[in-house]
Amino acid sequence: MSAEFTSADLAKAAMAIAAGVKGATDELNRQDGLLGDGDLGITVSAGWQAVADVAPQFPADIGKAFLAAAKAFQQVSSSSFGTMVASALMAAARHTNGRTAVPWPEVPELVAAARDAMMSRGKGALGDKTVMDSLEAVRVALVGKDHAYMRLAAADAAEAALAEFRSRPNKLGRARMFADRSIGIDDPGMLAFARIVASMPDE
Amino acid sequence: MSAEFTSADLAKAAMAIAAGVKGATDELNRQDGLLGDGDLGITVSAGWQAVADVAPQFPADIGKAFLAAAKAFQQVSSSSFGTMVASALMAAARHTNGRTAVPWPEVPELVAAARDAMMSRGKGALGDKTVMDSLEAVRVALVGKDHAYMRLAAADAAEAALAEFRSRPNKLGRARMFADRSIGIDDPGMLAFARIVASMPDE
Amino acid sequence: MKKILNRPVDYVDETLDGLIAVHPDIYALPERRLITRAAGMRKGKVGIVTGGGSGHLPVFAGYVGSGLLDACAVGEVFASPPADKMASAMRHANGGAGVLRLYGNYGGDGMNFDMAGEMVEMEDDIVSSTVRVSDDVASAPPGESEKRRGVAGMVYAFKAAGARAEEMADLDEVTRVARKAADSCRSLGVALTPCVVPQAGKPTFTLADNEIEMGMGIHGEPGIWRAELRPADALVDEMIDRLITDMPLSRRDRVSVLVNSLGATPLEELYIMFRRVRTRLGDIGVDIVMPLVGRYATSMEMTGATITLSRLDGELERLLKAPCHCAFWTVAA
Amino acid sequence: MKKILNRPVDYVDETLDGLIAVHPDIYALPERRLITRAAGMRKGKVGIVTGGGSGHLPVFAGYVGSGLLDACAVGEVFASPPADKMASAMRHANGGAGVLRLYGNYGGDGMNFDMAGEMVEMEDDIVSSTVRVSDDVASAPPGESEKRRGVAGMVYAFKAAGARAEEMADLDEVTRVARKAADSCRSLGVALTPCVVPQAGKPTFTLADNEIEMGMGIHGEPGIWRAELRPADALVDEMIDRLITDMPLSRRDRVSVLVNSLGATPLEELYIMFRRVRTRLGDIGVDIVMPLVGRYATSMEMTGATITLSRLDGELERLLKAPCHCAFWTVAA
Ligand SMILES: Nc1ncnc2c1ncn2[C@@H]1O[C@H](COP(=O)(O)OP(=O)(O)O)[C@@H](O)[C@H]1O
Ligand SMILES: Nc1ncnc2c1ncn2[C@@H]1O[C@H](COP(=O)(O)OP(=O)(O)O)[C@@H](O)[C@H]1O
Ligand SMILES: [Mg+2]
Ligand SMILES: [Mg+2]
Ligand SMILES: [Mg+2]
Ligand SMILES: [Mg+2]
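Just so you know, the protein sequences line up as chains A, B, C and D, in that order.
Heads up: the first sequence begins at 1 in our numbering, then just goes up one per residue.
Heads up: the second sequence begins at 204 in our numbering, then just goes up one per residue.
Heads up: the third sequence begins at 407 in our numbering, then just goes up one per residue.
Heads up: the fourth sequence begins at 740 in our numbering, then just goes up one per residue.
Looking at chain A on its own, in the form it has when it is part of the complex:
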């Protein structure tokens, strides 16, 4: 276990996520269909599959690798969540541009950059009950964590965020039109994020 991650680690992660979220397609479609248009499962699985498809060709420059991932994702999926993921990946690309290795302790910073990119892209705020709240929970959990425990901490934090926000109303996205009915229902984007994190490889 090295103290840094590389473009190859990214590629491995992308392929693991693609494989993992495939099984969550129906669950996520169903969840999005409760108050939204029911396309989230397709968005997530098709998006990550597209990233996995280009992952073997990731350049060594981690910034460029993130950019390639961003482009691949948004090409197949232009719905809100797809744009959020692509924006996050682009922010990570800017943050890591020109480097071939990134120290694990920098991960919370990357998550923060991704969170901010989503916030400015989607004109939302923390507390709106979106995928951004999941990112923030994960970021907090990762600060100062040894990278051996990062995956587990992230997965736990994503689940905890779901539980925390379940009883609150949606303030963004399609579900906002039915804010009252959204109480008690998991935000589909947050659920998707939890499934993504759970699919990450241990390394």
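These are computed hints drawn from the structure, not numbers from a lab.
Note that CB positions come from ideal geometry on N, CA and C, so glycine has one too.
The list that follows gives simulated cross-link-like pairs (lysine to aspartate or glutamate, DMTMM-like), each with its CA atoms no further than 25 Å apart: (1) K449/C - D531/C; (2) K741/D - D639/C; (3) K267/B - E524/C.
Have a look at the derived ranges for each label pair, beta carbon to beta carbon: (4) R384/B - G688/C: 43 to 51 Å; (5) P961/D - E27/A: 24 to 32 Å; (6) S120/A - D1026/D: 41 to 49 Å; (7) R448/C - D349/B: 56 to 64 Å; (8) R369/B - G607/C: 25 to 33 Å; (9) S370/B - V533/C: 44 to 52 Å; (10) D576/C - E912/D: 54 to 62 Å; (11) V533/C - R746/D: 54 to 62 Å; (12) T685/C - L329/B: 51 to 59 Å; (13) G688/C - K22/A: 41 to 49 Å; (14) R771/D - G38/A: 20 to 28 Å; (15) D202/A - D948/D: 58 to 66 Å.
Fit chains B, C and D with the ligands to the known structure of chain A by using the hints.
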């Protein structure tokens, strides 16, 4: 009882018919609705009402009076039957143009002219089960008849034509599309003609 | 009846009021239910009049305009205008060179236009001629074209006759060209859902949820078959097959194609259809000239489409490309 | 689903194939789901790109043309195109003088166009600007126009910006004019029946037999009220009242009016509506300039209509009357 009829007699007849067919509106609509578009009652009542409305201003020239009647009728009713009646009235107009009195024995000739005008207008033939068959039956019944018995003979002939054609198929008009189903059903135009004749004044 | 209207009896008149209010530069309404060109009649030009029931916009009144028609008698929805309205249209279209009556082959319209012709002949001494468009191949077998209904193909006859009249050709010549254009086109339609005639208040026909009718007329007249909806390409294939059986086409033939919505069918679907028409005609080596895709002859909110093939010779192609201008069709000079 | 189509996944691509096949003189398809002008980009001219979901023809792709737009990124039916398609549109519309992104105010489109802007800035060094049209008064209160959806009013922004760009104005100026045109119009729609998104296969919403929804969005977004159908004049009155409450008009104001069908509503009914609009605006002494009545921004076969009021000053009136040409809107020189 004179041996001739005048423009005033025409006016009187028009008003009597208008009053008479008003009561047949629903019956004729219903009959036309069986296989057609169900507008015949309106056509007949509105058309004759329009003639009755201009009847007080009929000129002494019987031809001009018929022409005025033709125009009045077709202005309010441009469906097939309206056009048939207007064509018949125009033929009568041509036949009587410039005269202020027409001998009663000429009536069968007028009916023949009307029948021929309908035939050339509607590209149909006798035997097609249309109003023309009623006209022909009436014409035959009127030939050589003293004018005192004309109304009764005409009414009987129109009813007899209905009975005679009932079991035959329609070969013209909308009902022709459903020729088989038209067997056993009175042609609405023939029925309308019977009601018109029955509404004529005794004189 | 889900329609945006006021009293059903006012549907037609209010439509015409709106039409002339939007396009005062193109249309005039000199009397009730009579549409003429705003610019008036040109002296010495052959007049072209049409007429028919309402509910088919742009047909009929919409095609009054330069390089097209001179006057239109407007009837109730789906009903012939009265003969005296047609006579009035003829008087307005009389520039001293005679008047062509050019309209769709429907019984009522035909009888009334004939009567109108007799009226203006008797009373106004106007020379006139008649051409009835009967392009709908579904409405009678090939030999009996006088029994066929007139549908979207009408537009090609309006265009050819209108262009020739604008060239100051005489009545015989304009009539000849109108007949040639009418005889050179064939149409076929497919209906998916009905429309509602305002004064009737109920649909013109009923079809099951996934049922369509091939060959149905624009007023709901019975067609060739009723069956389940099929893919667009299969529908187009059958329509093209029937059209070219009726009017065989060969390599190097030049045709204009009109893919027309009956109302509700969106442009998207017309383009999908056109794609296939182009492939099919390309396969037999036919050249498509000036294709028209849109709403040219409708039945209010009916869902469905018609395909018209108009075979062109040099003369008809020239006339099709001649300038014209109305609210719904402009060919630039 | 009663629609004329082949496989639902091919709906958009087959539509575009048909569009460019019918109008090769106007449109080109240099790559999948990207429509540009057939004539290509004029060097030194500001480029104007738009984009959005399919199913709204002529919006969006249809308004590519001279005096109008330069390129359009085309999405699935009712879904945003991906950002890289928008980036591609911007590259095609880059004549060296910058590119304006001009589109309807929808979340997905906005996020993707922003991302596309960042992409071409990073990779291609293209200067660009954004104007979002948010004319639908039913979608948010007056103060929160950034939350309002963009509907038919878009057409006025396309026209003004397109005309100004054709005059070789710079990016700031074209952007200013686009924003002014967008800010000067207000729209409101009423929905009668839904449409079906091909890949979904079911109606976008349900309304009872005689029920309508005032203010419903073009994708079925919730409106202001649902109730029984009312007479046309009553509907128009309410729509005009709401529009002029939002954007007060006074005597001598000049406005263009767009009475637009959402698809199935026929021209007849649009004219009936226009009649009343004219009366209402006449009553307050407003002059109507260049009214537009027809299908300018649709939702496939949805039944319903929108009314847009576009208030004009001298500049906007001049730009509205400037020549333009696409398959669906031509203003002659
Ligand atoms: N403006 C936004 N900012 C951040 N996250 C958003 C925003 N809009 C939606 N989301 C997230 O995306 C999820 C929905 O994604 P998706 O199904 O792709 O949206 P849609 O189909 O409505 O475009 C939401 O549950 C939410 O977590
Ligand atoms: N071509 C024709 N020739 C003679 N009579 C006709 C013709 N067409 C219809 N009729 C008569 O008119 C009657 C129908 O009249 P009407 O309801 O006005 O027709 P529509 O509503 O179909 O135009 C028929 O019953 C028939 O008697
Ligand atoms: Mg969704
Ligand atoms: Mg979506
Ligand atoms: Mg009838
Ligand atoms: Mg009738």
